[in-house]
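All chains, full assembly: derive it from the sequences and hints.
Quick note, the sequences are listed as chains A and B, same order. Numbering-wise (this note's numbering), the first sequence opens with residue 4 and increments by one. Numbering-wise (this note's numbering), the second sequence opens with residue 4 and increments by one.
Subject to a maximum C-alpha distance of 30 Å in a straight line, what follows is the list of computed DSBU-like cross-link-like pairs (lysine-lysine): (1) A:Lys252 x B:Lys222; (2) A:Lys196 x B:Lys91; (3) B:Lys252 x A:Lys153; (4) A:Lys252 x B:Lys153; (5) B:Lys252 x A:Lys186; (6) A:Lys222 x B:Lys252.
Source of the hints: derived by calculation from the structure; they are not laboratory data.
Protein chains: 2
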Amino acid sequence: MQYKPLILVSNDDGITSFGIRTLVEIMREIGEVIVVAPDSPQSGMGHAITIGYPLRLDETDIYGDIPAYECSGTPADCVKLAKHFVLKDRNPDLVVSGINHGSNSSISVLYSGTMSAAIEAALEGVPAIGFSLCDYSAKPDFSHIRQYVKQIALHVLHNPIPPGVALNVNFPAKSATPIKGIKLCRQAIAKWKEDFEVRLDPHGRRYFWINGRFINNDKNEETDEWALENNYISIVPCTFDLTHYEALKSINMNALIAEQPHKV
Amino acid sequence: MQYKPLILVSNDDGITSFGIRTLVEIMREIGEVIVVAPDSPQSGMGHAITIGYPLRLDETDIYGDIPAYECSGTPADCVKLAKHFVLKDRNPDLVVSGINHGSNSSISVLYSGTMSAAIEAALEGVPAIGFSLCDYSAKPDFSHIRQYVKQIALHVLHNPIPPGVALNVNFPAKSATPIKGIKLCRQAIAKWKEDFEVRLDPHGRRYFWINGRFINNDKNEETDEWALENNYISIVPCTFDLTHYEALKSINMNALIAEQPHKV
Chain A
4 MQYKPLILVS NDDGITSFGI RTLVEIMREI GEVIVVAPDS PQSGMGHAIT IGYPLRLDET
64 DIYGDIPAYE CSGTPADCVK LAKHFVLKDR NPDLVVSGIN HGSNSSISVL YSGTMSAAIE
124 AALEGVPAIG FSLCDYSAKP DFSHIRQYVK QIALHVLHNP IPPGVALNVN FPAKSATPIK
184 GIKLCRQAIA KWKEDFEVRL DPHGRRYFWI NGRFINNDKN EETDEWALEN NYISIVPCTF
244 DLTHYEALKS INMNALIAEQ PHKV
Chain B
4 MQYKPLILVS NDDGITSFGI RTLVEIMREI GEVIVVAPDS PQSGMGHAIT IGYPLRLDET
64 DIYGDIPAYE CSGTPADCVK LAKHFVLKDR NPDLVVSGIN HGSNSSISVL YSGTMSAAIE
124 AALEGVPAIG FSLCDYSAKP DFSHIRQYVK QIALHVLHNP IPPGVALNVN FPAKSATPIK
184 GIKLCRQAIA KWKEDFEVRL DPHGRRYFWI NGRFINNDKN EETDEWALEN NYISIVPCTF
244 DLTHYEALKS INMNALIAEQ PHKV
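See the structure below:
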């Protein structure tokens with residue numbers, strides 16, 4: 004009998020979302036699947052973990068014969084619990100997260116719960132992929148990307164990526180133009196500009212909604228944004244090492260460092 | 004009259020914590036201070052932002068004549084609200100976050116609310132520093148680091164760091180040995196190994212506490228961990244670009260990329 008790879012599936016939109024259900028369907032075609040995902044939407048959670056409160060983890064049969072657990076915590080909590088509690092001595096061959104309802108390209112990777120699950124897995128030395136579709140609707144059309152998701156997962160299973168790397172895969176939304184192909188990219192250096200919407204509650208007290216606009220001045224063809232705008236799938240290999248190595252070389256702190264502690 | 008730099012202060016332990024109160028005291032000696040910080044502890048929030056719920060922001064007089072606002076959101080929310088709502092057309096000269104009660108060295112930077120405030124500022128093009136003391140107590144002894152905090156902030160105000168860089172500054176806890184000096188470092192490639200503690204609630208239902216152990220096999224002298232273990236202050240310049248540039252060059256996806264979309 005052929006070896007079936009063990010694939011852990013998580014996400015940030017919650018265990019019942021259409022995106023993770025689609026991902027589970029695709030992954031069961033290529034491996035033994037286990038699902039550990041948040042019991043509620045966790046979009047924008049970044050790499051948050053739950054320290055100040057205890058976590059719940061409950062088995063659920065919503066995926067039929069596929070073992071599935073819903074967790075009260077963040078996507079990073081889910082991967083930690085999956086790895087160190089649910090799977091115990093078994094090591095997944097692959098962790099996939101998503102399919103996110105909405106883009107996680109460029110700077111959104113930093114706020115992304117989808118990618119935090121993948122990066123947490125990379126930290127554990129497990130090959131990991133976060134999948135996101137540039138369509139924020141609750142029931143987006145995934146039909147044009149299903150085969151790509153499978154193909155990319157199979158590629159990573161058969162061609163190991165370097166340890167500590169998580170792939171950030173973003174797909175263009177379904178449109179009249181077919182997807183042109185796949186591009187390996189760097190993250191576009193763009194940002195969200197926040198316009199807070201101020202409202203009053205029924206008691207007359209002020210509250211705010213974040214309402215950002217995406218600002219991208221990085222038009223380079225090597226970026227994920229360029230790829231997506233031109234109807235390519237973008238794949239950005241991501242790291243958890245935040246060291247700015249160029250700055251490490253260029254920043255001059257000699258004057259600061261030279262000062263003797265006792266003279267401070 | 005001399006120009007007083009505008010300094011925005013935030014943190015993740017909450018606006019009333021001893022660490023931010025100490026930081027405000029130090030910063031008021033060198034500039035015009037404004038405080039926007041979470042109204043409750045936000046440790047471990049990583050780069051989370053609040054999308055699914057509205058945010059509260061209320062002025063508070065706990066800092067006397069210093070304008071201060073407490074926010075129901077995460078540290079990243081605080082910086083966004085400060086920049087785009089509270090300060091509107093004024094640009095801070097410096098954003099400082101902390102002083103965190105506990106280390107944010109090595110991989111902890113990824114989970115750190117303290118550093119997410121600093122990184123959010125860096126994204127906005129504002130020089131930013133996160134300060135953390137390797138002491139988790141509620142009222143740690145900051146006496147040995149006060150002058151260093153001031154000195155580092157003044158250094159950054161007078162010697163601009165490259166745009167998009169946030170400094171992750173960690174201080175050894177107070178000990179019998181005086182601090183040896185300051186080291187500019189890279190992030191140690193270490194991780195937290197989770198041992199979940201399983202308990203039963205009064206209703207017999209299971210819950211989990213995260214209880215991690217820090218595992219560092221990266222003993223290189225260029226790392227922040229080495230610096231701290233040897234009683235130096237560590238400064239790691241951090242980026243928000245998660246692209247793994249080495250992997251971008253080394254990963255071979257030609258086979259995947261070459262496949263024609265219509266053949267998928």
